[in-house]
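K.L.:
Each residue of the sequence shown is one higher than the one before, counting from 0 in numbering that gives the first Met the number 0.
Heads up, some of the hints might be wrong.
What the hints assert, rightly or not - Cβ-Cβ distance ranges computed for the label pairs, FRET-style:
1) Lys120 to Pro83: 30 to 36 Å
2) Ala55 to Glu79: 19 to 25 Å
3) Glu43 to Gly73: 28 to 34 Å
4) Thr42 to Asn18: 15 to 21 Å
5) Glu56 to Lys26: 27 to 33 Å
6) Pro53 to Ser82: 16 to 22 Å
7) Pro53 to Phe93: 20 to 26 Å
I should point out that these hints are in silico values taken from the structure, not numbers from a laboratory. Backbone N, C-alpha and C fix where the C-beta goes; we use that ideal spot for every residue, glycine too.
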Amino acid sequence: MKLKLMVLLLLAGSALADNLPLTPALKIQISAAARAFTGQPCTENFIAKRKAVPSAEFAKLYLQAGQQATRQPGFKLNKEVLSPDGLTYRFSGFSDGRTTFMLTRYDAQAGVIYYSICNQK
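Using the sequences and the accompanying hints, generate a full structural model.
P.N.:
Printed below as a string of structure tokens:
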């Protein structure tokens, strides 16, 4: 039951999140984060979103749900890191012929979770 709730939180959170404008600078920033994490830059399908959340504890639930969602059948997780405070999660994985990088982080001052996603070659 807890896993299903976490997956539902992740899906609802990212689906209801506001899209950020994909400026060239933001694409460079996402690609740099991917390169620093995996050694490969982003090449396509950039997504950037933000979602307001009521607290850091709520943000941790979203990030834990994201971590659990990477365990779904058909997704091969290459690498992942959840920060010690539970407020930043990075992963790289393979599904449907593509390698995907995602960085999810909580900004306490803004009360917002930022999602950065892209595909790598």
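K.L.:
Next, verify each hint and record whether it holds.
P.N.:
Comparing the hints with the structure gives:
1. Lys120 to Pro83: 30 to 36 Å: 31 Å, holds
2. Ala55 to Glu79: 19 to 25 Å: 20 Å, holds
3. Glu43 to Gly73: 28 to 34 Å: 20 Å, violated
4. Thr42 to Asn18: 15 to 21 Å: Since Thr42 and Asn18 have Cβ atoms about 20 Å apart, the given range 15 to 21 Å holds.
5. Glu56 to Lys26: 27 to 33 Å: 32 Å, holds
6. Pro53 to Ser82: 16 to 22 Å: Because 20 Å falls inside the window, the suggested range holds.
7. Pro53 to Phe93: 20 to 26 Å: For Pro53 and Phe93 the Cβ distance comes to about 34 Å; the hint is violated.
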